[in-house]
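Can you make the complete structure from the sequences, with help from the hints?
Which chain is which? The protein sequence lines are A and B, in order. Heads up: the first sequence runs through residues 0 to 246, numbered per numbering that gives the first Met the number 0. Heads up: the second sequence runs through residues 0 to 220, numbered per numbering that gives the first Met the number 0.
Hint data in this document are derived by calculation from the structure and do not stem from the laboratory. Just so you know, not all the hints are guaranteed correct.
Claimed, not checked - When the alpha-carbon atoms are kept at most 20 Å apart in a straight line, the in silico SDA-like pairs for lysine to any residue are as follows: (1) A:Lys-134 - B:Val-143; (2) A:Lys-29 - A:Ser-186; (3) A:Lys-107 - B:Leu-21.
As the list claims (entries may be wrong) - Among the chain A residues that face chain B by a calculated CB cut under 10 Å, a handful are: (4) Thr-52; (5) Leu-53; (6) Ile-108; (7) Ala-149; (8) Arg-152; (9) Ala-153; (10) Lys-204.
To be verified - If you want the ones that stay clear, here's a sample from chain B, every Cβ over 10 Å from chain A, calculated: (11) Met-0; (12) Lys-46; (13) Leu-49; (14) Ile-54; (15) Asn-64; (16) Ile-73; (17) Val-122; (18) Lys-127; (19) Met-129; (20) Arg-151; (21) Leu-153; (22) Thr-156; (23) Gly-183; (24) Gln-207; (25) Asp-211; (26) Ile-217.
Keep in mind it's a predicted model, so treat the numbers as computed, not measured. From the three backbone atoms N, C-alpha and C, an ideal C-beta is built for every residue, glycine too.
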Amino acid sequence: MIKINKLTKHFHLNGEKIIALDDVNLTIQKGEIYGIIGLSGAGKSTLLRCLSTLEHPDSGSIVIDDQDIFQLAGNELRKFRSNIGVVFQGYNLLMQRNAFDNISFPLKIRKDSKEIIQKRVSELFSFVGLEGKQKAYPSKLSGGQRQRVAIARALATNPSLLLFDEPTSALDAITTKQILTLIKEISLRYQVTIIIITHEIGVVKNVCDKVAVLNYGKVVEEGIVDEVLNNPKSEITKMLLGKELII
Amino acid sequence: MNQIIEILQRVDIIQGIVDTLLMVVFSTIVAYLIGVPIGVFVLTTEKEGLFPNKIIHKTLNVIINLGRSIPFIILLIALIPMTRAIIGTSIGVRGMIIPLAIGAIPFVARLTEASLNEVDRGVIEAAKCMGCSHLDIIFKVYLVETIPSFIRGLAITLIMLIGYSALSGAVGGGGLGNIAIENGYYRFDTQTMLVVLVFIVIIVQVIQLIFDRIAKKIDKK
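Structure below.
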């Protein structure tokens with residue numbers, strides 16, 4: 000279980016104080032697919048960066064399985080990080096390593112044996128549907144294929160938490176559908192909690208169990224997807240829903 | 000044509016080439032052994048780096064800039080006593096390796112810093128999220144992701160040092176530069192100097208060609 004307590008974070012930009020997260024409280028249950036939606040600048044990315052410990056909040060805490068993640072350091076922190084998988088918006092693949100080496104990278108860092116790595120990575124290649132692409136370098140792969148490599152890499156260590164940052168923002172409609180299907184398959188097959196950051200209501204509708212709507216760093220609405228989307232209370236949720244109708 | 004053959008018989012061009020390459024290769028090795036770690040330190044100690052440390056970062060920056068602003072000919076002369084103390088001589092091929100290396104260290108440090116800086120910040124963050132230690136990030140991410148630009152930088156350094164080594168001919172260094180200066184400058188033998196120059200040009204072209212090919216071949220980006 001993930002408990003986000005009173006998370007607050009602000010930045011200074013050109014002398015101006017920008018509040019990225021304003022007293023955010025959320026509880027995410029094990030195995031859920033949790034969507035966090037909002038417009039750009041709503042604080043979604045900051046929240047994700049806090050969850051992956053890349054960013055520390057000004058105040059508040061995130062407790063994952065009874066562990067306050069901002070108290071971790073050194074080996075404990077690395078162990079925690081290798082137990083979460085992050086799929087970044089720009090994929091962030093290692094450009095000088097081929098698909099196999101990208102996916103096996105977190106396992107090598109963890110010093111798994113060659114046999115284990117070989118077995119795990121082949122399994123992942125077939126799971127994400129990239130058979131035959133082991134030797135391909137990221138620059139030779141399409142956007143959707145890169146996304147699959149990034150997903151396989153995030154899954155490699157068998158993490159208990161998987162974070163997606165705008166997983167479909169750079170993909171066309173058909174590829175988006177395929178990636179969303181893949182996310183659902185991950186949830187069915189692995190014991191993993193999934194948090195998806197997005198600005199597309201379609202993503203939430205298609206794959207998420209629960210959703211939190213973020214606006215100017217505040218959670219304005221939260222709950223089971225059907226309930227929130229069928230009966231939106233806040234202006235921003237109505238707007239996000241309306242946006243979908245136009246498209 | 001006969002004149003060229005006469006020059007080649009009189010002057011030991013082959014020895015000159017070998018000497019130049021020896022000076023350049025050894026000083027490049029030394030310069031990289033010291034310059035690369037300095038470059039890594041400069042980058043990793045900056046504000047958003049792996050080990051932010053304002054004092055080390057600024058000090059290294061000042062040292063590098065100082066090193067880069069000293070004209071090489073002055074450095075060459077200033078280092079004579081030190082070279083003599085370490086190597087035993089300050090002339091010839093052996094006497095030039097230390098000054099050439101020291102002249103190139105700040106340059107290599109900057110090249111390294113610039114290469115590493117090309118690595119996308121997001122990739123470094125991804126590495127952190129995969130449980131990489133700082134050393135993992137340096138050796139398995141930064142240095143691996145920048146191999147092609149490292150190779151290109153190596154060509155630039157080698158060629159720069161060929162130029163420096165030619166300059167060192169003026170203060171008793173060996174190699175092609177020495178031959179060109181002794182004949183062309185001291186004996187007004189322009190023809191010999193031109194022949195030697197042609198060889199220097201060829202060496203430079205060959206190095207650039209080879210390294211460009213290698214860099215292109217291994218760059219997967």
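To see whether the hints hold, each was checked on the structure:
1. Under the criterion of a C-alpha separation no larger than 20 Å, the hint pairing Lys-134 of chain A with Val-143 of chain B is consistent with the structure, at around 17 Å.
2. Of the supplied pair hints, the one linking Lys-29 of chain A and Ser-186 of chain A holds, its CA atoms being roughly 11 Å apart against a limit of 20 Å.
3. This hinted pair does not check out: Lys-107 of chain A and Leu-21 of chain B have alpha carbons roughly 39 Å apart, beyond 20 Å.
4. Here the hint on Thr-52 of chain A is kept, as its CB sits about 8 Å from the closest CB of chain B, short of 10 Å.
5. Look at Leu-53 of chain A: its Cβ gets to within about 6 Å of chain B, closer than 10 Å, so that hint holds up.
6. Hint status for Ile-108 of chain A: holds, given a least beta-carbon distance of 5 Å to chain B, under 10 Å.
7. For the restraint placing Ala-149 of chain A at the interface with chain B, the shortest Cβ-Cβ distance is roughly 9 Å, inside the 10 Å limit, so the hint holds.
8. Residue-level restraint check for Arg-152 of chain A holds (minimum Cβ-Cβ distance to chain B is 8 Å; threshold 10 Å).
9. The restraint placing Ala-153 of chain A at the interface with chain B holds, with a minimum CB-CB distance near 9 Å, inside the 10 Å limit.
10. Interface hint status for Lys-204 of chain A: violated, as the beta-carbon distance to the closest one in chain B is roughly 28 Å, over 10 Å.
11. Separation of Met-0 of chain B from chain A is adequate, the least Cβ-Cβ distance of about 49 Å exceeding the 10 Å criterion.
12. At the 10 Å boundary, the C-beta of Lys-46 of chain B stays outside the reach of chain A, the nearest C-beta of that chain being 14 Å off.
13. Separation of Leu-49 of chain B from chain A is adequate, the least Cβ-Cβ distance of about 13 Å exceeding the 10 Å criterion.
14. Ile-54 of chain B, annotated as away from the interface, keeps every beta carbon of chain A farther than 10 Å; the closest lies near 23 Å.
15. Distance check on Asn-64 of chain B: its Cβ is at least 29 Å (rounded) from any Cβ of chain A, clearing the 10 Å threshold; non-interface status holds.
16. With a cut of 10 Å on Cβ distances, Ile-73 of chain B stays outside the contact zone with chain A, its closest approach being about 40 Å.
17. With a closest Cβ-Cβ approach of about 5 Å to chain A, Val-122 of chain B is found to fall inside the 10 Å limit, against its non-interface label.
18. Here Lys-127 of chain B does not stay apart from chain A, with its beta-carbon only about 7 Å from theirs, under the 10 Å limit.
19. Its closest Cβ contact with chain A, about 4 Å, brings Met-129 of chain B to no more than 10 Å, contrary to its assignment away from the interface.
20. With a cut of 10 Å on Cβ distances, Arg-151 of chain B stays outside the contact zone with chain A, its closest approach being about 14 Å.
21. With a least beta-carbon separation of about 16 Å from chain A, Leu-153 of chain B lies farther than 10 Å from that chain, consistent with its non-interface assignment.
22. Every CB of chain A lies more than 10 Å from the CB of Thr-156 of chain B, the least distance being 21 Å, so the non-interface label holds.
23. Distance check on Gly-183 of chain B: its Cβ is at least 45 Å (rounded) from any Cβ of chain A, clearing the 10 Å threshold; non-interface status holds.
24. Every beta carbon of chain A lies more than 10 Å from that of Gln-207 of chain B, the smallest distance being close to 22 Å; the non-interface claim holds.
25. With a cut of 10 Å on Cβ distances, Asp-211 of chain B stays outside the contact zone with chain A, its closest approach being about 17 Å.
26. Distance check on Ile-217 of chain B: its Cβ comes as close as 8 Å (rounded) to a Cβ of chain A, failing to clear the 10 Å threshold; non-interface status is violated.
In terms of the numbered hints stated before, the structure departs from hints 3, 10, 17, 18, 19 and 26, listed from lowest to highest.
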